[in-house]
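Please put together the full structure from these sequences, using the hints given.
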Amino acid sequence: MIAPDLQCHNLTKHYGDTTAVDNVSFDVPAGSFFSILGPSGCGKTTIMRMIAGFQEPSSGDIQIKGKSVLNVAPNKRPVNMVFQHLALFPMMNVADNIGYGLRRRKMAKPLINRKVEEALERIGLPGVGRRQVSELSGGQKQRIAIARCMVLEPDVLLLDEPLGALDLKLREQMKVELKTLQAAFDTTFLYITHDQSEALVMSDAIAVMNAGHFEQVGSAQDLYHNPQTAFVAGFVGESNKWLGSVTQRDGHYIDIDTPSMTVRAMASGDTWNKGAKAQVFVRPEAIQISREVSALRDYDNILTGKIEQILFNGAASRLLVRSEKGSDIIEVNMPQAGTTSNWSQGDIAHLGWSKDQGVAFIESAK
Amino acid sequence: MLSHRNIGFYLLLAPLALWLILLIVIPHINLAMLSLQERVGVRQYETSFANYRTFIDEPLYIMTFARTAVMSILATTLTLLIGFPVAYYIAKMAVGRAKSVLFLLCLVPFWVSELVRTFGWMILLRETGVVSSFLQWAGLASGPVELLYNDASIMVGLVYTSMLFMVVPLVSTLDSLDNSVIEAGYDLGGSTPSILREIVIPHAMPGIVSGCIVVFMLSLGNYLTPIMLGGKDSLWFTELIYSQFIVRFNWELGAAFGFLLLFLSSVIVWAALRLSGQTLERTMG
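If you read the protein sequences in the order shown, they are chains A and B. Each residue of the first sequence is one higher than the one before, starting from 0 at the first, in numbering that gives the first Met the number 0. Each residue of the second sequence is one higher than the one before, starting from 0 at the first, in numbering that gives the first Met the number 0.
It cannot be assumed that every hint is accurate.
[Said to hold, decoys possible] When the alpha-carbon atoms are kept at most 20 angstroms apart in a straight line, the in silico SDA-like pairs for lysine to any residue are as follows:
#, chain 1, residue 1, chain 2, residue 2
1, A, K75, B, R196
2, B, K91, A, M90
3, A, K168, A, K75
4, A, K75, B, P192
5, B, K91, A, E307
6, B, K91, B, H202
7, B, K91, A, H8
8, A, K108, B, E57
9, A, K66, B, G188
10, A, K105, B, S179
11, A, K64, A, F25
12, A, K75, B, E182
13, B, K91, B, N5
14, A, K75, B, T191
15, A, K66, B, A49
16, A, K75, B, E197
17, A, K324, A, E307
18, A, K105, B, E197
19, A, K168, A, K178
20, A, K75, B, G188
21, A, K174, A, G30
22, A, K108, B, S193
23, A, K64, B, G188
24, A, K75, B, H202
25, A, K114, B, G188
26, A, K75, B, I181
27, A, K105, B, S193
28, B, K91, A, F88
[What the hints assert, rightly or not] Simulated DEER-style distance windows between Cβ atoms:
#, chain 1, residue 1, chain 2, residue 2, range
29, A, A164, B, I6, 54 to 62 angstroms
30, B, L17, A, E171, 57 to 65 angstroms
31, A, S136, B, D177, 16 to 24 angstroms
32, A, G40, B, S171, 45 to 53 angstroms
33, A, G163, B, L103, 29 to 37 angstroms
[Unchecked claim] Coverage of chain B stretches by chain A, computed from C-beta distances (three or more under 8 angstroms per stretch; other residues unrestricted):
#, segment
34, 172-182
35, 196-204
Derived from the structure by calculation, the hints contain no laboratory data. Cβ coordinates follow ideal geometry from the N, Cα and C atoms, glycine included.
This is the structure:
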């Protein structure tokens with residue numbers, strides 16, 4: 000069996016009293032696109048900087064291709080990093096930027112020139128070698144920064160929120176492009192981001208990180224459809240959330256009493272006790288909306304409210320419904336076809352969803 | 000409307016124009032005219048290049064100028080070599096309060112006048128001074144040691160007085176270098192010397208050039224430090240100018256020397272810029 004390209008074992012980093020990274024372990028198989036997704040300050044940048052060698056772990060081990068790199072200086076590690084603000088060398092032209100690492104390896108000049116040309120062709124920017132970095136657009140700089148690392152053929156490429164500085168349109172475009180580049184270079188990518196759509200679109204596997212530890216590791220579909228913790232359910236994708244207390248359990252399902260209604264949903268985990276606090280998450284697209292309550296007869300959960308706001312956004316348009324009781328705000332996907340699409344503010348709406356569409360997390364009693 | 004704007008424009012321009020005309024243009028025209036006059040008899044003058052010829056004909060003057068220039072270049076180099084690590088530490092390695100405190104510490108000696116600071120060095124270096132006494136106390140010297148009045152003490156004084164003018168531009172250019180650019184250098188396999196050579200120094204070049212120009216000009220035109228630390232025979236070019244004006248009362252020759260100093264130092268700066276492949280525009284921009 001081939002060792003994974005990157006393995007972290009019980010990685011921990013303390014800053015004084017605070018623990019930035021708390022006992023994190025994960026494997027990244029060769030050639031995969033692995034993302035660490037988490038809110039800012041969750042410790043994901045610290046993990047990346049420890050892998051790159053700019054910070055020392057307090058304890059734990061980092062192995063690349065099965066060999067520990069803990070005592071290897073950053074300039075000797077077989078990993079390269081695309082920095083958040085790219086960190087291209089402004090004092091050099093594009094070709095010198097890309098050739099920098101090769102020059103450090105004392106490669107012959109003609110060979111460097113050839114490799115740089117090849118890299119530029121691969122990223123779709125042939126002939127820009129003589130240009131200055133400042134003359135390039137944001138997306139071009141992005142690709143140069145990746146090419147600068149890829150000419151060194153690293154075992155793992157680290158990407159530290161490299162799309163953060165780009166505008167929305169370009170970011171959407173670069174997401175697809177990054178995925179294509181990763182396939183073209185056939186290199187392991189470790190990508191960190193706080194933007195879930197970046198992680199969901201590009202990754203083979205995603206680790207959701209919160210407060211220094213991994214909440215869940217899995218594929219994008221896995222995280223979206225089977226969240227294991229309340230944090231993942233709330234952080235990945237959009238969700239409606241109810242807080243309440245458990246009233247009864249019926250096999251896999253659980254009833255939770257909330258101010259607006261009693262919700263029946265799938266229970267996550269087996270332990271429960273009456274009166275325990277619980278959070279229920281339901282995706283906006285799982286909720287049916289109707290003017291007639293009879294149309295929702297088959298659903299386990301039914302709620303009546305008033306249209307509070309209409310958020311038009313093309314195919315991703317949403318309706319905000321304020322519940323009659325408890326005045327919760329519930330987000331629902333706007334139906335795309337049929338006569339029901341002519342909703343307007345103040346209309347009475349009935350919402351329904353099945354018990355399988357909701358997931359409930361019981362807070363463990365302390 | 001247009002004339003209103005013109006009045007405002009001229010009012011704003013006036014201080015600068017006055018400063019330039021009164022303090023720079025007029026004195027220099029006057030000195031230029033003076034320098035071109037040759038005294039042929041009592042209160043009789045003729046226009047000629049005789050004063051400039053005196054400079055060329057008299058080896059002492061040329062040698063003094065050459066010595067001043069070489070010493071100033073050396074002082075500039077030393078200031079750069081000492082100032083660069085200091086500036087790098089302040090800009091890149093110190094964080095938070097330490098940074099401002101260190102920067103302030105560089106500044107503090109300059110709250111005292113140059114005269115007092117130079118006296119400080121004399122207290123340290125003279126025969127009965129602190130260093131001499133310490134050497135005797137430690138048994139390293141059998142009698143009093145005179146450390147003043149030599150080229151080394153001039154050099155110490157020049158480097159000391161110039162340090163701030165090197166450190167300030169260096170700190171500001173190094174500050175503007177993003178830390179992640181240095182980290183990227185390491186990440187891509189660069190070693191410390193290669194990162195210094197290919198990334199840090201090219202980035203800091205405008206600061207290095209402007210610092211060097213200022214320090215070189217200050218050293219070349221310094222009068223106090225060479226005289227006090229080097230003694231009366233320190234052979235500094237400004238001393239020659241002073242003695243022509245004040246001691247010999249030969250304003251014509253003094254004026255010629257002044258112009259030569261201006262011209263030759265400009266030539267040296269220009270040559271240094273050409274040699275290092277830098278331009279003044281890039282340094283200022």
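> Are the Cα atoms of K75 (chain A) and E182 (chain B) separated by 20 angstroms or less?
Replying inline: Status holds; Cα separation ~13 angstroms.
> Given the proposed pairing of K75 (chain A) with I181 (chain B), does the C-alpha separation stay at or below 20 angstroms?
Replying inline: holds, 15 angstroms
> Given the hinted pair K324 (chain A) and E307 (chain A), is their alpha-carbon gap at most 20 angstroms?
Replying inline: Holds, at about 14 angstroms.
> Holds or violated: are the alpha carbons of K64 (chain A) and F25 (chain A) at most 20 angstroms from each other?
Replying inline: holds, 14 angstroms
> Do three or more residues of the segment 196-204 of chain B come closer than 8 angstroms to chain A, measuring C-beta to C-beta?
Replying inline: holds (count 4)
> Are the Cα positions of K108 (chain A) and E57 (chain B) separated by 20 angstroms at most?
Replying inline: violated, 54 angstroms
> Holds or violated: K105 (chain A) with S193 (chain B), Cα cutoff 20 angstroms?
Replying inline: Given that 20 angstroms is the threshold and the Cα spacing comes to 12 angstroms, the pair holds.
> Do the alpha carbons of K91 (chain B) and F88 (chain A) lie within 20 angstroms of each other, as the hint requires?
Replying inline: holds, 17 angstroms
> Is the straight-line distance between the alpha-carbon of K64 (chain A) and that of G188 (chain B) 20 angstroms or less?
Replying inline: Within the cut-off at roughly 19 angstroms; holds.
>> Under 8 angstroms between beta-carbons, do enough residues of the segment 172-182 of chain B, three at least, approach chain A for the coverage claim to hold?
In response: Three-residue rule met by the segment 172-182 of chain B, so holds; n is 4.
> For the pair G40 (chain A) and S171 (chain B), does the Cβ-Cβ distance stay inside 45 to 53 angstroms?
Replying inline: Hint violated: Cβ distance 31 angstroms, outside 45 to 53 angstroms.
> Within a Cα-Cα threshold of 20 angstroms, do K108 (chain A) and S193 (chain B) meet the stated pairing?
Replying inline: Satisfied, since the Cα-Cα distance of roughly 17 angstroms is no more than 20 angstroms.
Consistency with the previously given hints fails for numbers 3, 5, 7, 8, 10, 13, 15, 24, 29 and 32, ordered from lowest to highest.
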